[in-house]
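Protein chains: 6
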Amino acid sequence: MSATALPSTDDPLLVISAHAGDFVWRAGGALALAAERGQRAKVLCLSFGERGESAKAWRDGLDLHEIKALRRAEATSAAAVLGAEIEFLDAGDYPLLESPELVDRIVRVFREVSPAVVLTHTLVDPYNGDHPAAARMALQARVLAQAVGYDAPGEPLGAPPVFFFEPHQPEQCDFKPDVLLDITSVFDRKRKAMECLAAQQHMWDYYTDLAKRRGVQLKRNAGPNLGLPHTTMGEAYVRLYPQTTSVLA
Amino acid sequence: MSATALPSTDDPLLVISAHAGDFVWRAGGALALAAERGQRAKVLCLSFGERGESAKAWRDGLDLHEIKALRRAEATSAAAVLGAEIEFLDAGDYPLLESPELVDRIVRVFREVSPAVVLTHTLVDPYNGDHPAAARMALQARVLAQAVGYDAPGEPLGAPPVFFFEPHQPEQCDFKPDVLLDITSVFDRKRKAMECLAAQQHMWDYYTDLAKRRGVQLKRNAGPNLGLPHTTMGEAYVRLYPQTTSVLA
Amino acid sequence: MSATALPSTDDPLLVISAHAGDFVWRAGGALALAAERGQRAKVLCLSFGERGESAKAWRDGLDLHEIKALRRAEATSAAAVLGAEIEFLDAGDYPLLESPELVDRIVRVFREVSPAVVLTHTLVDPYNGDHPAAARMALQARVLAQAVGYDAPGEPLGAPPVFFFEPHQPEQCDFKPDVLLDITSVFDRKRKAMECLAAQQHMWDYYTDLAKRRGVQLKRNAGPNLGLPHTTMGEAYVRLYPQTTSVLA
Amino acid sequence: MSATALPSTDDPLLVISAHAGDFVWRAGGALALAAERGQRAKVLCLSFGERGESAKAWRDGLDLHEIKALRRAEATSAAAVLGAEIEFLDAGDYPLLESPELVDRIVRVFREVSPAVVLTHTLVDPYNGDHPAAARMALQARVLAQAVGYDAPGEPLGAPPVFFFEPHQPEQCDFKPDVLLDITSVFDRKRKAMECLAAQQHMWDYYTDLAKRRGVQLKRNAGPNLGLPHTTMGEAYVRLYPQTTSVLA
Amino acid sequence: MSATALPSTDDPLLVISAHAGDFVWRAGGALALAAERGQRAKVLCLSFGERGESAKAWRDGLDLHEIKALRRAEATSAAAVLGAEIEFLDAGDYPLLESPELVDRIVRVFREVSPAVVLTHTLVDPYNGDHPAAARMALQARVLAQAVGYDAPGEPLGAPPVFFFEPHQPEQCDFKPDVLLDITSVFDRKRKAMECLAAQQHMWDYYTDLAKRRGVQLKRNAGPNLGLPHTTMGEAYVRLYPQTTSVLA
Amino acid sequence: MSATALPSTDDPLLVISAHAGDFVWRAGGALALAAERGQRAKVLCLSFGERGESAKAWRDGLDLHEIKALRRAEATSAAAVLGAEIEFLDAGDYPLLESPELVDRIVRVFREVSPAVVLTHTLVDPYNGDHPAAARMALQARVLAQAVGYDAPGEPLGAPPVFFFEPHQPEQCDFKPDVLLDITSVFDRKRKAMECLAAQQHMWDYYTDLAKRRGVQLKRNAGPNLGLPHTTMGEAYVRLYPQTTSVLA
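Protein chains in written order, with this note's numbering: chain A, 1 to 249; chain B, 250 to 498; chain C, 499 to 747; chain D, 748 to 996; chain E, 997 to 1245; chain F, 1246 to 1494.
For reference, chain A alone in the conformation it holds in the complex (with noise of 0.2 Å):
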């Protein structure tokens, strides 16, 4: 079997993201073009992000209950528009604590999943000590899925490639893009997404921006001669691990 066989129906994609609206913004563009392509889509929200990136609602009176549903309800609404499952683990955030327990859950994801490619967060952001906390949680669950003598239901996990999405203040996290990812065909969607987050309004331009930015810089590096449109969006990662192929390009 070659090792670059492009992904099938039977190749899911996961993402693990330590808040409810993470995904979105930085991932949105590649779980649409997953579920496009019929591949299964998940994202798994370690927690609703309700102290930490609910300023807003703290601001309108809302209790902690009242947040995580609103929370939950957008996330959802988003997760639909880019046709990706999600769930949640409901872990708490500001601080998100890593336990043993909760990567033990993230392992058992791994197992029902069995993705073949994974999407997280980077190990460094100075900005958000709940995104390296998840990416920490979410690169040993995946280890430890693995190994045929970890407990857990299912067969041992392959070695699915794993994506660093983008921070918010990428060069400050040490992001340097390794992979910028053509989403022209489905940024309506991904900005349709955005726009399920209601209190965020300012980030809405400010991804849609960063996703033009990404564009650009796409089309530089694939050659002004491939014809890719003026319109082109992009997301950019970072990979973890070497790529495996059979052909250079």
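No lab work stands behind these hints: they were computed from the structure.
Here the structure is a predicted model, which is why all the values come from computation and not from measurement.
Cβ coordinates follow ideal geometry from the N, Cα and C atoms, glycine included.
Mixed in with the good hints, there may be bad ones.
[Stated by the list, open to error] Computed Cβ-Cβ distance ranges for the label pairs, DEER-style:
no. : chain 1 : residue 1 : chain 2 : residue 2 : range
1   : B       : 339       : D       : 846       : 22 to 30 Å
2   : B       : 346       : D       : 807       : 35 to 43 Å
3   : A       : 195       : D       : 846       : 54 to 62 Å
4   : A       : 108       : C       : 559       : 52 to 60 Å
5   : D       : 948       : C       : 599       : 55 to 63 Å
6   : A       : 108       : E       : 1187      : 37 to 45 Å
7   : D       : 948       : C       : 535       : 48 to 56 Å
8   : F       : 1332      : B       : 287       : 56 to 64 Å
9   : E       : 1201      : C       : 587       : 53 to 61 Å
Given chain A, put chains B, C, D, E and F in place with the hints provided.
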């Protein structure tokens, strides 16, 4: 057009090599794979490696002229085994001197070949200054060839991705593989090409062992479930520019 | 409002220190300068350094209780000399254990002080694990204190810049100074504060020599034409976040 | 004299730019801010960017002489809008060749202008070899100009800080912002200067979006409490040398 | 006393290993060399590798108890072949959980053995989280054991140098060898120790090939004139702390 | 033969220095130690530092010829105090221009001396471009001298280890010490050699303080138990190539 179409026969592969033997040890698999797929595969040797990589010939008492002829003959045979064209610029080695004139000659090769993929040396190599010199010139020539205002025949170059091939002591050259290339199907041909370099017999096994080692890593990173054979052979590469794609895999 | 207004008396400086003595050697000049300008200057000591930084006291046969009292007294005197307040959390050292409870206590200090500038240890120190542990907790607490949804008294914190102060073996801690602070005018006071730490006499000269060395570098980087005195004394810092300003200088 | 006095009108700002347009996109805000404060602001263009940055003019059929004249006119207009002087060395581009003679010409500019602050390109740019070449020469000339024994008119230079301005694809150039400069008050002027570069219309919006993006980050790093306006615009810089100061802020 | 005296029999070597097999593949040569010189050589295995490194045993249907016994037996045999003592802490693997209690147990081993040299895993390993966890605990314990105030039996530890041994995919673990150790004279013994690990037969050749590869590099770096035999075998290490010496060589 | 034999009198030490004074401040201890052991110790000064390192002489009104003579005399005295030979290439400084001819002259020195150890400047120094230029030429010459095919008298060079000596502002030059050399026994001689450089009196104390500082670190890294005297003096070095050895210590 998609950002991820695989290379076709219209998509030449260009390898820029400081000395006559480098392309065999470091990129022989990539060349043979490209040739098998029907891509044009071309090697540009900036020098014959007549001073720095021909110790045995000097000890055997050959003169400069004879050594160049010997190295040319060996490299030509090796290229033929791999299915690649080869051109020599005879720019001298140890040291390979950087000059605007030599860069201009490389620009002209870029314009003539219009490669879709470029392979060259790493920018760091504390064991051999010719290697980084070749890489610097290759990269400079690639950028110059892109400019419509650069005065050389042919159309401006697109933006072919650049891969650095593996140096002799990779860690000391800050070489952290980004891509593991499956060369199992063409390894026999690479071995035959290596054997064309008669004076460097100790290298045949060293680079066969390396291909095994990169093959083991390729299997580990591709995932045990992928069913790659036990005898997988690999070559390692580092990307200079971000990959552009419409599928994460 | 400008991004570059200098700190006023409304702008407290907060130093978070793993042990009782660290703030003196590493940030004594910054504290004295702030106090002289009329800023509130506060030191938060997470522990007394009773196990890891009190070798002489242990050799002299004091018990844990006595050593804590001794270190508290010394650090309190040193802070007074510098014009700073001091608070001890008595969280234990060697090891200083990270916990959500301890982080929460630090959050509460952030909310109470509302610092305009924060100083703490580097994130890397292979000679002393308590230092990075203190830094990680300080940074986590700073981010938590910013969230309106974090359940602690007081207003959400702004975004005070963070400076890492100089570790004992800077190069081994990947400490590359971003800022050289001119402490000439308060160096006498820093020296007196150092002398409050009676058991560590060998450090008085080591850190006086260091201040000279950083002073020489300060003059070199500020330019010989600037007319800084021959006796310039300095402290070195590394920024965690980018400087915000409306003037490049 | 203090290490932190803000620049006065005696404190010129010097921007050293490889091509005629670079200073507008990358340092237009800094130039306009300096000019508004009454500082002398000077741009030194090593070339016109006649080959590498004038694709449209070549496609329109202009010859080399015409393109240089066009680029000179555009850059002169842009500098005037920003309130800056401009000088062209016409050293050729693509490639911009490094030579002792060209470095000597730059030394003489340093000696004549005696800048208090220097801005130039980054030392890494895999998309454009002229940018690092300009930076290397600028840095070498600055050091040479400091030596009393260097044979050129004028007084030895002090030690002006050097800031690298932002390249087109910052992460790929290892550009991690150290300084976010608030250019809100002069952004209109920067936009007008950009519009002087008629052939590069797609860049106007790209760099307006970038200014917004850096503005958002500036607000985030300065702290929400600082009351910066929603429309804050920014430019990003990296320092080469440590900042010297007598206040941490 | 000189800073460069070679180790004597009073100078124990301590290897801290996450799992039962690691010390064989990665430090078997160093252990055998020390034992041959008459140094005490001790291996501390934090776990048996019962879950993460025993895939074949699980597939063969053994239970946890049986697997631990098997791994203990194999590792004990391998240590004996190398001439080393071995102790197991049975702390569990996959994940190896960090705790103050486990660190304290390691401190006590440090105090008891008083090693002159310490070997452990790298701090980065994206393929196996137990390895960095073991390294972090080993390093923390070493620092704690140095403090006279740390409450454990025995004398405070000196400052034994720490060497990281080679991980399975060195480049991906940022492993850049600082030291190439000549293990030619004891390689047969290392091979026999590897063969004690019956279930991991594919590793015997992988690590034999690696020893050859490191041997070739050792000869290259030592200089061809040194007359090292063609069959030189090596192990690679990275230093954590600077070497102290009175001779540069 | 062992990979770890200590240097004998057949093992020359070669220091390659950009200017006449560098070898004293940065490698004086290593030179004196080698000379005391009976090794041949040789300094190669590429220039006299007549423009860049002789500010006082220029201010005193000496002309170029007089300054070169002065610097030659001082450096010759200092070398004599250290027990070292010295040779000047008078290649000019500020800038020290790189050329194939100068590299060839250095190759011939390598072939003549056949050093067992080589010391030179760091490859990064933003304060002095001549230092990296000297280092680049020294490293290139070392590699060329190894090639049997390089046309220069003498036998091909082996593979002598290269150590970078300490620059003036080490952190800004990315200088992270790998080796701390104990120079206590020869420090008086180093001090006397420094005093031969009459015009740079401020440096005598700066580098005496630095030797104390590196001595404190040496004791800390060697371990308090080793009994090094309180007055230990040190020099710091960075290795370019991995150490080859048969003992870990």
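Here is what the structure says about each hint:
Range check, residue 339 of chain B to residue 846 of chain D: about 26 Å between beta-carbon atoms, so the 22 to 30 Å window is met. A hinted range of 35 to 43 Å for the beta carbons of residue 346 of chain B and residue 807 of chain D is consistent with their spacing of about 38 Å. In this structure the hint that residue 195 of chain A and residue 846 of chain D lie 54 to 62 Å apart at CB holds, the actual value being about 56 Å. Between residue 108 of chain A and residue 559 of chain C the Cβ separation comes to about 55 Å, which falls inside the hinted range of 52 to 60 Å.
Between residue 948 of chain D and residue 599 of chain C, the C-beta spacing of about 58 Å keeps the proposed range 55 to 63 Å intact. Between residue 108 of chain A and residue 1187 of chain E the beta carbons are some 41 Å apart, a value that agrees with the proposed interval 37 to 45 Å. Checked against the given bound of 48 to 56 Å, the beta carbons of residue 948 of chain D and residue 535 of chain C, roughly 49 Å apart, stay inside it. Between residue 1332 of chain F and residue 287 of chain B, the C-beta spacing of about 60 Å keeps the proposed range 56 to 64 Å intact.
Take residue 1201 of chain E and residue 587 of chain C: their Cβ atoms lie about 55 Å apart, and the range 53 to 61 Å holds.
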